[in-house]
Structures are given as structure tokens and as C-alpha cells.
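K.L.:
Sequence:
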Amino acid sequence: MEKIKLALNYALMLEMMKAKGFSSPTIVALLSEGNEELLESIGEGIPSWKTLVDYYHLHKDKFHKALKEGYKISFLTKGALKSLLAIMFEMKEGVDFVDTGEYLDKVKFSSDNLQSLREVISNNWSIVVLEEDSEQASVVVNIELTHKPNF
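Under our numbering, the first residue of the sequence shown carries the number 718, and numbering increases by one thereafter.
Incorrect hints may have been included.
As the list claims (entries may be wrong) - No more than 25 Å apart at the CA atoms, straight line, and that leaves these computed lysine-lysine pairs for BS3-like:
1. K735 <-> K785
2. K779 <-> K865
3. K720 <-> K799
4. K809 <-> K767
5. K823 <-> K767
6. K720 <-> K735
7. K825 <-> K865
8. K735 <-> K795
9. K735 <-> K722
10. K767 <-> K782
11. K789 <-> K767
12. K777 <-> K795
13. K809 <-> K785
14. K789 <-> K777
15. K767 <-> K799
16. K720 <-> K789
Just so you know, these hints were derived from the structure itself, not from any lab.
Turn these sequences into a full structure, and let the hints steer you where they fit.
P.N.:
Rendered as C-alpha cells:
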């Protein structure tokens, strides 16, 4: 079964809420209420939560399915990918990975976190496993563009 596709901004806002410890029922309640002031306090630089509130009210079934079954981000730029890593896994550039300009190098994940990323990352990125440590349940990967541009 294909996962619901979410635009990047909705996915980042949803992941911010999850990172703050909000459960799915709480997220639904907050979006139903539409309390933008409270949502903005969650938001770490998100200019307007009204877009997510509006999206929720227009696409409730789709949003509930994304919460319950997961989702896939429709498209990610490299900057957005780095933001996603920061929000979902508290990773920092230069500490947890290196941006080589072309790809993200030596990104270390637990096996579970790597699976979580695989579930949401857009198809324009590929995860290339460099090292696996089954004892530590950790994996080191590169995250590369699936189709590299020819210049």
C-alpha cells in the first residue's frame, strides 16, 4: 500500500509536534481547535501554522491516515533534508554528518531511526549504507541525490 504524500512544510510541522512529545490524539485536538498561538509556541521558526490547520480541516481523512500509517515527503531539498534530520533526530551538521556539497556523508543512525527516515524520505534521495554494526544496532550511511544532475 502506498503511503500518503505530504508536502515538506506539513511534514516538518508534524515532526516538530512529535518531537515535542505530542501524541497523535493531541495533535489532532490541537489542529481541530486551530489555536495558532499555541501551535506557534511549538514552531521553532515556522512562520504560520495556519497552513497546517487549514490543511487538516480540508484533508482530515488523509491527515489521520498519515498519522496512523505514516507518510512520505513528496520532495526534499538538501537544506530541508538537514532540517528534517535536526527535527526528527536532533542531528547537527558538522557533528552528526558532513555536507560535502553533493551529499550528506557519514550519517550515523540507530537501526530504528534509519528505518524511520526511510519511511518518510522523498524518492529524490537515496540512502547508501557504508557500515553496519549489528552489535550496536547502528548504521553509517551517505544520503545522496537519487538522480545526480549532469553539468
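K.L.:
So, for every hint listed, does it hold in this structure?
P.N.:
Tested hints:
1. At roughly 13 Å between alpha-carbon atoms, K735 and K785 fall within 25 Å of each other, so this suggested pair holds.
2. Distance check on the hinted pair: K779 and K865 sit about 32 Å apart at the alpha-carbon level, beyond 25 Å; violated.
3. Taking the CA atoms of K720 and K799, the gap is near 22 Å; set against the 25 Å cutoff, the hint holds.
4. At roughly 28 Å between alpha-carbon atoms, K809 and K767 are farther apart than 25 Å, so this suggested pair is violated.
5. Using a Cα cut-off of 25 Å, the hinted pair K823 and K767 is violated, with the two alpha carbons roughly 37 Å apart.
6. Proximity of K720 to K735 is assessed by CA-CA distance (about 19 Å); at most 25 Å being required, the pair is judged to hold.
7. With a C-alpha separation of about 23 Å, the suggested pairing of K825 with K865 holds against the 25 Å cut-off.
8. At most 25 Å may separate the alpha-carbon atoms for a hinted pair to count; K735 and K795 meet this at roughly 22 Å.
9. About 18 Å separates the Cα atoms of K735 and K722, which keeps this hinted pair within 25 Å; it holds.
10. Distance check on the hinted pair: K767 and K782 sit about 20 Å apart at the alpha-carbon level, within 25 Å; holds.
11. A threshold of 25 Å between alpha carbons decides the hint, and for K789 with K767 the separation of about 22 Å falls inside it, so the pair holds.
12. Simply put, K777 and K795 have alpha-carbon atoms about 29 Å apart, too far for the 25 Å limit, and the pair is violated.
13. With a C-alpha separation of about 28 Å, the suggested pair K809 and K785 falls outside the 25 Å cut-off, and the hint is violated.
14. Using a Cα cut-off of 25 Å, the hinted pair K789 and K777 holds, with the two alpha carbons roughly 17 Å apart.
15. With a C-alpha separation of about 24 Å, the suggested pairing of K767 with K799 holds against the 25 Å cut-off.
16. For the suggested pair K720 and K789, the alpha carbons sit about 6 Å apart, so the restraint of at most 25 Å is met.
In this structure, the earlier hints numbered 2, 4, 5, 12 and 13 are contradicted, and the remaining ones agree with it.
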